[in-house]
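Those protein sequences? They're chains Y and W, same order as listed. For the first sequence, my numbering assigns the number 380 to the initial residue and increments by one for each residue that follows. For the second sequence, my numbering assigns the number 380 to the initial residue and increments by one for each residue that follows.
The reader is advised that the hints may include incorrect statements.
Copies of the same chain are indistinguishable here, so a pair counts whether it falls within one copy or spans any two.
Here are the simulated SDA-like cross-link-like pairs (lysine to any residue), alpha carbons at most 25 angstroms apart as the crow flies [unchecked claim]: (1) K391 - G420; (2) K597 - I746; (3) K645 - A740; (4) K569 - G726; (5) K397 - D424; (6) K569 - D609; (7) K688 - S666; (8) K569 - G420; (9) K391 - L426; (10) K597 - T706; (11) K397 - T422; (12) K467 - Q432; (13) K391 - K428; (14) K397 - P647; (15) K428 - M623; (16) K618 - S666; (17) K467 - D648.
Derived by calculation from the structure, the hints in this document are not laboratory data.
2 protein chains.
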Amino acid sequence: MLVQKFGGTSVKSVARIKNVASIIARAAEEGPVVAVVSAMGDTTDYLMKLAHQVSGSPNRRELDALLATGEQISVALVAMALNESGTKAVSVTAGQLGITTESVHTSARIVDINTERIRRYLDDGNVVVAAGFQGTTPAGDTTTLGRGGSDTTAVALAVALGASACDIFTDVSGVYTADPNIVPTARLLKEVSYEEMLEMARVGAQVLHPRAVELARKHGIPVRVRNTFDPNHEGTILKGADEMEISRPVSGVTVDRDQARLAILKVPDRPGVAGEIFGALADQRVSVDMIIQAFHEGGLVNDISFTVKRSDLETARTALEEAASRTGAEHVLADEDVAKVSVVGAGLMDHPDVAARMFSALGREGINIKMISTSEIRISCVVSDEDAERAVRVVHDLFHLDEAHDEPDSDQD
Amino acid sequence: MLVQKFGGTSVKSVARIKNVASIIARAAEEGPVVAVVSAMGDTTDYLMKLAHQVSGSPNRRELDALLATGEQISVALVAMALNESGTKAVSVTAGQLGITTESVHTSARIVDINTERIRRYLDDGNVVVAAGFQGTTPAGDTTTLGRGGSDTTAVALAVALGASACDIFTDVSGVYTADPNIVPTARLLKEVSYEEMLEMARVGAQVLHPRAVELARKHGIPVRVRNTFDPNHEGTILKGADEMEISRPVSGVTVDRDQARLAILKVPDRPGVAGEIFGALADQRVSVDMIIQAFHEGGLVNDISFTVKRSDLETARTALEEAASRTGAEHVLADEDVAKVSVVGAGLMDHPDVAARMFSALGREGINIKMISTSEIRISCVVSDEDAERAVRVVHDLFHLDEAHDEPDSDQD
Chain Y
380 MLVQKFGGTS
390 VKSVARIKNV
400 ASIIARAAEE
410 GPVVAVVSAM
420 GDTTDYLMKL
430 AHQVSGSPNR
440 RELDALLATG
450 EQISVALVAM
460 ALNESGTKAV
470 SVTAGQLGIT
480 TESVHTSARI
490 VDINTERIRR
500 YLDDGNVVVA
510 AGFQGTTPAG
520 DTTTLGRGGS
530 DTTAVALAVA
540 LGASACDIFT
550 DVSGVYTADP
560 NIVPTARLLK
570 EVSYEEMLEM
580 ARVGAQVLHP
590 RAVELARKHG
600 IPVRVRNTFD
610 PNHEGTILKG
620 ADEMEISRPV
630 SGVTVDRDQA
640 RLAILKVPDR
650 PGVAGEIFGA
660 LADQRVSVDM
670 IIQAFHEGGL
680 VNDISFTVKR
690 SDLETARTAL
700 EEAASRTGAE
710 HVLADEDVAK
720 VSVVGAGLMD
730 HPDVAARMFS
740 ALGREGINIK
750 MISTSEIRIS
760 CVVSDEDAER
770 AVRVVHDLFH
780 LDEAHDEPDS
790 DQD
Chain W
380 MLVQKFGGTS
390 VKSVARIKNV
400 ASIIARAAEE
410 GPVVAVVSAM
420 GDTTDYLMKL
430 AHQVSGSPNR
440 RELDALLATG
450 EQISVALVAM
460 ALNESGTKAV
470 SVTAGQLGIT
480 TESVHTSARI
490 VDINTERIRR
500 YLDDGNVVVA
510 AGFQGTTPAG
520 DTTTLGRGGS
530 DTTAVALAVA
540 LGASACDIFT
550 DVSGVYTADP
560 NIVPTARLLK
570 EVSYEEMLEM
580 ARVGAQVLHP
590 RAVELARKHG
600 IPVRVRNTFD
610 PNHEGTILKG
620 ADEMEISRPV
630 SGVTVDRDQA
640 RLAILKVPDR
650 PGVAGEIFGA
660 LADQRVSVDM
670 IIQAFHEGGL
680 VNDISFTVKR
690 SDLETARTAL
700 EEAASRTGAE
710 HVLADEDVAK
720 VSVVGAGLMD
730 HPDVAARMFS
740 ALGREGINIK
750 MISTSEIRIS
760 CVVSDEDAER
770 AVRVVHDLFH
780 LDEAHDEPDS
790 DQD
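Please build the complete structure, drawing on both the sequences and the hints.
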């Protein structure tokens, strides 16, 4: 059993839909296939635009009902193309998928999958073409999983069906050491660990949604990132860190330009104040990253800085200003021209010098580091947006990521 | 309780969607409202075109899944517009509507309606915005009711919910004595009987789908045809013939230009041969009208002529040619340049001279009548397509339909 997922650019036109159908049909000759498909090209953006023309803040239940039609169109067309070319196929959408989500609109989480209907279709010899990105509440309302949700649908179905692998087809050949548009010498990685991919996805690598990677890691589903337009290329395989044949301190450099920085200044230091501030942001479903707290005046007041997605900036700023007046903080600062440059590598924990070398190299190039955060396998620096691409190239060069080191225990610097 | 239905032209743009929302909101101030909405403008045609680009003969299950998205987009947008302007509203689509249909794709009939979910939404103070044209099979597959199916959805929901009326909003102010584009002096009818409307709808009046009229007649639901762009106009009301306050021999003249004529010549006259021929057409779901059988050679062979929708001509011709070779008929003739001109009036049965006067008037104008069929309240003539509009004007003049006769027992000629 194989689950395949095709993103929006892979089904952007009728010709591309036929290409996708031929990839699915070939896989279906080997065994049962469930193909998860995203909305065609810019459909979701078009529907979102329509919604905002109708309503300043579209009702979220209706927004989900609207957005879900994007995938419903593409799965019907892909199933048609498969039937046309002699491969039996049925499409399934929100209510038929068996994916139950939380009763939260526009970014619901999957709570349960009932595969009965899909299995029945598979048993009848069909390829199942499943609408990505959508599910239903227990009450039967359509929900969506948020942008990138089709990846999550694919991995979740692979888990629920006990698939042997989940192939994510996209418009690139796999995971690179950096964005080839920024670093022309970037190399394709044959394998990355779930953990590295998770960090990369969190800090800007667009290739795979972090929720999907986390789900694959948790259930040990092998995920392959492959190219729809070059389907014979073997792509990049994601696997457990303990199964990796390669060890390297730095696997890749990413940049996330969809970042803004907020600061709330001179917050009185009393118990519960941070909870109050971040609770107010969580209420607005704003995800917060890289929280830094600095002490002032003998610890009586604090400055708290953090980053948010740029699209969340206004919502976050409003919530933060309300929280500032409630908590007696002095004021709120916003900086939307920032980007986050990160190095990711499963071997970072064994190479404690990587962080210092990265900071020094950026400093030598005159790139000011505004914030720093690290995890076991990631080091992130917030820099000015205008410095971001140069920073990526500097770091890529520093760690010689353009040179092959896909051999066991190669020394890369 | 009121059911309102809005056709595709009524929701063609964002501005029109807002207009529809304001009509619904006004009605919702008076009591519970279910609004049935069609796909925006040309969406259905666009989706149909996409389907035919993907597949020469699109899989019917997938075609239904695809077409149903058209209404799913418009109901979500209408519900958004209502919420935006302060009227609580929820959209419901195929699986949520509670409309169960036959397991036949692209023109399924409704077999059952479960209004539980809709009633729950209404009880919670919502306007329910229901996707027209769609339902689900007992197994949960999406089906569509065929073109014009949204009218049927509206009347069927009005029946199931025990609504006091069903308002069909369209882009004209009601039912006219003839198409005003053909006859500039055509008049709006204040009331027509279900039976007249049924005949008019069957023979070319586009305003209301005949299945919907039949359903309204059967259950005695008052149906009002109204203008979305002039919502204060009272329009035309459909009611039972026995409730009509007006008696007139001819209520209107219609033309159906979506007609083609087929003939199968010299069919051996043996029992069951007509059943075999029309069975072959029924297998292809081709509806046949105006069957005329002529005898030859002492009754040993027959010529059988009939009309079909022009879009069904090729399917019908193929089926008929197969039937011809099976039954030993001589050959098949097709004529696609025909149109059907009809007069409709509940009073026709009391005025036996109407048919003769109509045939004479057409003859005087040099218009050749190719086929004739009549019902109790309708007389139809098949003429050359090029004569069709002129024939409508001749008949409209003949019966003085431009003069008001909406008074009890007026004498109109």
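Hints versus structure:
1. K391 - G420: The answer is both: 4 angstroms in one copy and 23 angstroms across copies each meet 25 angstroms.
2. K597 - I746: neither (38 angstroms within a copy, 79 angstroms between copies)
3. K645 - A740: Neither: 33 angstroms inside a chain and 94 angstroms across chains, both beyond 25 angstroms.
4. K569 - G726: Only inside one copy: K569 and G726 sit 16 angstroms apart there, 83 angstroms across copies, limit 25 angstroms.
5. K397 - D424: both (23 angstroms within a copy, 21 angstroms between copies)
6. K569 - D609: This pair counts as within: shortest intra-copy Cα distance 15 angstroms, inter-copy 65 angstroms.
7. K688 - S666: Cα proximity of K688 and S666: one copy only (8 angstroms, versus 58 angstroms across).
8. K569 - G420: This pair counts as neither: shortest intra-copy Cα distance 28 angstroms, inter-copy 49 angstroms.
9. K391 - L426: Both. Shortest intra-copy (15 angstroms) and inter-copy (14 angstroms) distances satisfy the 25 angstroms Cα cut-off.
10. K597 - T706: neither (39 angstroms within a copy, 67 angstroms between copies)
11. K397 - T422: both (18 angstroms within a copy, 22 angstroms between copies)
12. K467 - Q432: Close across copies (19 angstroms), not inside one copy (40 angstroms); limit 25 angstroms.
13. K391 - K428: This pair counts as both: shortest intra-copy Cα distance 18 angstroms, inter-copy 15 angstroms.
14. K397 - P647: neither (61 angstroms within a copy, 48 angstroms between copies)
15. K428 - M623: Close neither inside one copy (44 angstroms) nor across copies (48 angstroms); limit 25 angstroms.
16. K618 - S666: Classified as neither; 27 angstroms inside a copy, 59 angstroms across copies.
17. K467 - D648: neither (65 angstroms within a copy, 43 angstroms between copies)
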